[in-house]
Structures are given as structure tokens and as C-alpha cells.
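A.B. asks: Here are the chains, one letter per residue:
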Amino acid sequence: MSTASNTRPGLSGGERDLVEEMWLSQADPVGAWLDVLMGLVRLGSAEKRAIRDELDSHLRDRVRDLMLTGLHEANATREAIAELGDAAELAARYARASKSPARRRIAMNLGLFGMAGAALVTSFVAMQQPSGTGGSDAGVTPQAGMSVYPGVPASVQERVPVGAVRVDGTPLDEVLRRVAKSVDRRLFVDWPSLGELGLGSDTPISVDVPDADLPTLFEAIRGAAEVDPQIGRLEYRVDAKELRVASGHVFDVKERILVTIDIAHVLEEDVGVDQIRELVNSFIEPDGWVDNGGEIAAMSIVGTKLFVKAPPRVIEGVRWIVGQFAAPERARMNTDGFEERRDATSPNASTDGQPDALSRVTAFLPIKNVSHENFSFALQRVMQPMRESMGTNMPGIVFNGSSMEAEVTGQLVFVERVCEAINKMDAELGARGVEIGSEDAAASVGLSAATVQVRSMPAIRMIDIVEFVIREDRRFGRGPQQPVIALASGMNAVVFRAMPDDIQALKELIAALDFMPCGVVGEASAQIVAVRSGDMPMFKRLFTHAINSKWSGSADFPEFRTLRFEDEAVQVVATDDQLLALSKLAAAIRR
Amino acid sequence: MLGRSGQRDDMELVVLSLLAEAPKYGYAITKELAAKSDGRVRLTPGVLYPLLKELEASGLIQGTWDEVKSDEEQPGEGRKRKWYRVTAKGKKRMAQRLAAHRAFRSLIDALVGPEAGEVTR
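Chains U and G supply the protein sequences, listed in that same order. Oh and the first sequence: position 560 is 884 in this note's numbering, straight run, nothing missing. Oh and the second sequence: position 58 is 76 in this note's numbering, straight run, nothing missing.
Mixed in with the good hints, there may be bad ones.
Derived PhoX-like pairs (lysine-lysine); straight-line CA-CA distance at most 20 Å [to be verified]:
(1) LYS110/G to LYS372/U
(2) LYS372/U to LYS98/G
(3) LYS42/G to LYS110/G
(4) LYS49/G to LYS107/G
(5) LYS49/G to LYS110/G
(6) LYS100/G to LYS49/G
Note that these hints are calculated values from the structure, not bench results.
My request is simple: use the sequences and hints to build the entire structure.
C.D. replies: Given below as C-alpha cells:
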């Protein structure tokens with residue numbers, strides 16, 4: 325067994341003995357030794373406090389046990405501390421332990437967040453914000469001054485009717501096929517992810533649901549499949565054409581969004597950044613956070629902004645935590661959507677009950693035409709010039725998807741300007757969508773109209789790319805026959821009107837662009853994409869203009885490291901998914 | 019004694035296995051390991067606690083704090099004790115480590131034959 329003289333590195337034997345005697349002579353030698361160790365540990369204060377508490381408990385348990393074997397207290401203490409080894413080495417081990425692969429991943433993400441954050445103005449929040457006193461779903465009766473986090477369901481799905489379903493020991497594969505057929509959707513099942521839940525195509529399922537809709541039926545299937553909730557959850561998504569079934573983890577990864585949440589008011593309450601992280605990491609789906617070794621949620625705090633990349637329900641949880649630090653009472657000032665958040669520290673706060681130009685207010689703006697998938701993206705473009713001119717005065721903007729409201733908080737004079745811009749953006753996007761989405765209007769000039777749902781990106785981003793192709797590609801008609809594309813009202817879709825041939829070509833192009841995978845990381849290797857020489861200029865421009873910027877802007881995809889355009893081929897280092905996507909794109913632009 | 023480099027995976031498996039039986043705090047882990055191995059295996063606290071921190075950071079185990087207080091101490095005055103339990107992810111990792119360990123053991127057995135006195139069925 326080692327001796328206590330090993331507990332200080334870089335010291336001569338005599339010096340070590342002296343240091344050892346110093347802490348052993350203290351009234352509380354364990355505490356004194358822990359002080360020495362804490363001086364060597366290079367971690368945050370919360371982590372250091374936790375390490376100290378844990379080792380303190382260990383040492384006192386150990387000293388007690390050693391004394392029970394007959395050792396005198398001083399010797400028992402000396403022995404217990406010696407067992408912990410060299411203090412500096414222990415500190416170094418703790419530092420290494422804190423740099424788990426997960427931490428390294430978040431460090432990488434932070435770099436990307438930093439870049440995105442400069443341009444990112446605001447965020448989206450999917451679910452309804454809990455009120456100050458919350459609901460009682462959790463079985464807790466709210467008390468005065470107490471707020472109960474009501475939780476958010478794992479997913480909110482459309483109640484598509486299925487009818488009566490009765491199966492007895494039927495293989496899961498067949499059950500899902502029957503369900504897809506009865507709701508008239510194409511079925512996509514991610515069997516590998518279901519395999520991780522212990523489910524296979526031949527897993528027998530017995531359910532008897534007399535009049536089911538999809539949520540009810542899948543709840544019954546989950547019950548019959550008996551998946552351990554600790555392992556995961558069988559999930560599904562349905563849209564107009566497809567029924568997709570996979571593990572909840574797969575959807576969580578795919579549906580992550582990057583948002584910012586203003587935490588200025590939290591920091592003003594003397595709550596530290598570490599405390600915010602700890603609260604969130606501990607209470608909102610702890611296993612999912614990158615900080616805790618999870619994969620579905622990551623956060624970073626920069627200045628007064630909390631950047632979170634996570635599924636919407638997790639983001640709502642974070643927002644609830646942050647919301648707990650808000651002033652308990654916010655007086656509504658008038659009925660046009662403005663509300664004053666009283667700020668006693670502001671020298672400009674109004675004293676006559678009316679907000680002056682610089683007092684902080686919150687405005688709630690109804691959004692009529694922009695779906696939440698598009699809101700952040702549209703806002704980035706609209707707000708960027710305002711952000712440059714306003715700097716730190718730029719109000720915080722949060723979009724509540726469930727109430728279709730934008731919440732704008734800041735100084736009145738700036739909030740008014742931002743609200744005006746958002747209103748204008750909403751009106752313009754809505755007007756364009758309605759006008760060209762009309763099939764009658766299109767037919768009156770010999771054109772066809774079509775609506776295509778977009779899944780992999782905000783529809784407004786898709787419009788950007790397609791408009792670029794329409795401008796650059798002579799294949800499409802000119803003058804009044806040139807295709808026009810716009811945002812569909814209230815959904816993440818594009819509408820366009822064009823000649824019938826152009827409609828088909830645009831649909832293929834959108835399908836190829838929409839296929840571009842996101843949220844899946846794979847091994848990248850050298851690949852070759854065949855592109856006809858005549859198509860190469862367009863492919864090259866499209867690639868540079870749209871595709872590479874999309875992928876390089878994603879935390880999940882590294883920018884293509886090697887890219888070489890040749891006569892009839894593109895050499896690129898890409899994942900298999902990226903290769904497939906590029907091949908589809910090459911086919912879509914083929915003349 | 020466990021704790022030398024190259025044995026990290028074994029340490030992880032040992033700790034996860036002990037915690038899979040029931041939640042434990044650090045000192046209890048060292049004592050139980052020593053008891054189960056008749057004192058032949060000791061996990062030094064200087065290795066154990068950073069390992070626990072690493073496993074927690076990786077989401078394989080989850081720690082919760084409890085207060086330990088004597089009769090004389092008032093609530094809030096006692097020292098804290100951190101209990102660990104294995105997460106779902108930890109159970110999965112444990113199964114992987116166990117499978118790898120068994121595969122390796124089978125390989126060695128196949129190469130050098132079973133230990134003297136061991137009966138092969």
C-alpha cells in the first residue's frame with residue numbers, strides 16, 4: 325500500500341513530509357487535504373464542489389472503518405488519504421474523466437453554434453408555454469408561488485382514423501402493413517432501430533381496438549410489444565403520403581432544431597451559467613444531453629443566449645426551466661399585444677404606469693402565414709440588417725408554434741420596429757403563397773399549379789434553391805410562362821405554377837433536394853458522382869450555391885473536404901447517404 | 019489490483035456489474051468488490067472516483083445525492099453521499115463488454131485449452 329508521502333508531486337521527501345504534517349496538524353485534516361486537492365482540480369465550481377463532497381464522504385467512511393480495525397485516528401486518516409494516491413495525479417484523472425467523447429463532441433458543436441449564432445436571431449418553440457401555475461397532470465397540486473412542469477408528450481400526432489383493428493399473435497411487419505394500407509399511406513419501417521428495442525418483423529402482436537385512430541392504435545401496439553421504456557419507445561410519424569415507423573431515438577435525432585433562448589433575466593438573478601446547465605441536464609430528459617453522454621440534445625451558453633439543439637419537447641422543457649426565473653408578475657399595459665416586463669434596474673423605466681421608449685416590453689404577434697419550420701429561416705433574412713443596426717439592443721424573439729404567436733421582448737422602441745418587420749414578412753409571404761397557389765388562377769393562363777410538401781428543410785429555403793435553378797436553367801419557360809414558386813400558407817410546403825412539363829421537372833428537382841439527408845452521420849470515403857458534361861455547370865453552381873452550404877451548415881455533416889469537378893464526374897469525400905443524394909440530384913437536373 | 023492502463027474496460031465492466039445489482043455509493047463499491055473477490059481485487063479510490071465521473075459523463079450511470087447525518091446533526095448539516103445507478107445506456111454497454119469479454123475468453127480457451135481440472139461439456 326502506498327503511503328501518504330506520495331500525496332504531493334514534485335517535492336523532495338522532506339518537503340513532502342512537511343506538507344503532510346501541515347494538513348495532518350489541522351483540526352480537520354481531511355478538509356485540509358481536500359483544500360489542497362481542490363486547488364489542483366481544474367474544473368468548474370459546481371463540479372469541484374461535487375467532487376469534494378463525494379471524496380469527503382469516502383474519506384470519513386474509510387477513516388471510521390480503519391479506526392474499527394484498531395488504528396489511531398491520525399494514522400487512519402493518513403492511511404485513507406494515502407489510498408487516494410497522488411493529489412495532482414488524482415486531479416489530472418478527474419480532468420481526463422470530464423473530457424469524455426461526449427464533451428469533445430459538444431466542443432465541436434460549440435464551434436458550429438458560434439458561427440450559426442452570429443446569424444441566428446431567434447428561435448421556435450413547439451408547444452404551448454405552461455402558465456405560471458402550471459397544470460396538475462403530474463399529480464401535484466400547484467401551490468401559491470409554485471409552478472409545475474406539465475411535461476410534453478413525446479410526440480403529438482394527427483388523429484388519423486384507422487377503424488377496428490383485431491390481430492392475435494400477428495407478426496409486427498404484417499400489422500404495420502395492414503395499418504398503412506387502411507390509412508392509405510406508404511409504409512417505411514426502420515427495422516434496425518426497432519431491433520435496438522428488441523422488436524423484429526416477426527414479433528407477435530395482439531391488439532383488439534374496436535374503433536382506432538393512429539395514436540390509439542400505436543399505443544396499443546406499444547403495449548403489446550412490451551418494450552422496456554428504459555430502452556426506448558416505438559414511434560411513428562404520418563403525413564399525407566407516408567407512415568414512418570422507427571424508434572423514438574431516430575425521430576429525436578432527425579427532428580432536432582437549433583434555437584436560442586434569452587437568459588438575460590436569469591443571469592440578472594445571479595444564477596450562474598453552470599447552475600443553468602446543471603438544472604437543465606438534471607431535470608429535462610437527463611439521458612439525452614450530450615453533456616451526460618446522450619445524443620439528442622446539446623446546449624451552449626454564449627453571452628445572454630442559451631443555444632439549444634434538441635427535439636421540440638426538450639426545448640420546451642428548457643424554456644420552462646428558464647421561465648421559472650421570470651418576474652412572477654407582468655403587468656399587461658394595453659390591449660394591442662404589448663406587455664411591460666417591469667425592470668426596476670432600468671433608469672429609463674417609466675414611473676407613470678406607461679412604458680417609455682426604452683422600457684422593456686413583450687409583444688405577442690399573431691403569425692398568419694408562416695409555418696414554424698419557416699419562421700426562423702425567414703426571420704434570419706429579414707432581421708439580419710436590423711441586427712446589424714441595433715446590435716445589443718436587438719429584441720429577443722421566440723415563436724410559439726402552438727399558438728402561432730411571435731413573442732418579442734426588448735426595449736419598446738426596438739420591439740416596435742421588429743414587430744413591424746415581422747408583420748410585413750408574414751403578410752408578404754402569405755400574399756405570395758395565396759396568389760400563386762390558386763389552381764383557378766393558374767388555369768386561367770394555361771398553367772398548372774402544384775403544392776409539394778418539404779420535409780428536410782424549411783420550405784422557404786427550398787424556394788431559394790429552386791428559384792436559383794429557375795433563373796439559371798434555360799429549360800424553364802420565359803416571360804409569363806416562367807415557373808413561379810412560393811411558400812404555401814400555414815404548412816412547410818411550396819406551391820408553384822408552371823407549364824405542365826416544368827411542373828414535373830420541378831417536382832423531381834424538389835424531391836431530389838428534399839432527399840438530402842440530415843441528422844445521420846456516417847463514415848465518409850472517396851466517392852465519384854457521374855454527371856453529364858452538359859449538366860456539369862448547373863450541377864456545379866447548384867452544388868456550391870445550395871447543397872454544400874446546407875451540409876456545411878449542419879452540425880451533423882462535415883463540409884465536403886475534397887471536391888473536384890471533372891468533365892463527367894465529381895470526385896468527393898462523402899458518406900453513402902450524401903453520395904445517394906448527389907446522384908439523385910444529378911439525375912434530377914439531367915436534360 | 020485493478021487500475022493499471024489496459025484494464026480500463028475491465029474496470030468499467032466490474033463497476034457497471036456491481037451497480038447493476040443495486041445502486042451503490044463509491045465506498046460501498048470498493049468494499050463490495052474486495053469482499054466478492056476475497057480481497058484479491060481492489061479498486062483504489064483514486065481510480066474509482068474519476069472512473070465514476072467518466073461513466074456518469076458518458077451517461078452510463080446516473081448519480082443522485084443523499085444526506086448522511088448522525089443523530090446530533092440537524093437536517094442540512096450532514097455530509098453528502100452520492101449514489102449511482104446504471105442507466106439503460108449503461109446496461110447496453112455492460113452487455114457489449116460482457117459479450118466481448120466472453121468472446122475473448124473463448125478465444126483464449128480455444129488457443130490454450132481449458133484450465134486444468136476444468137470440465138468441458
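A.B. asks: Give a verdict on every hint.
C.D. replies: Hints versus structure:
A distance of roughly 29 Å separates the Cα atoms of LYS110/G and LYS372/U; the hinted pair therefore is violated under the 20 Å criterion. About 14 Å separates the Cα atoms of LYS372/U and LYS98/G, which keeps this hinted pair within 20 Å; it holds. Between LYS42/G and LYS110/G the CA atoms are separated by roughly 19 Å; this keeps the pair inside 20 Å, and the hint holds. Between LYS49/G and LYS107/G the alpha-carbon distance is near 25 Å, which puts this suggested pair outside the 20 Å criterion.
As the CA atoms of LYS49/G and LYS110/G are separated by approximately 25 Å, the hinted pair breaks the 20 Å bound. A distance of roughly 15 Å separates the Cα atoms of LYS100/G and LYS49/G; the hinted pair therefore holds under the 20 Å criterion.
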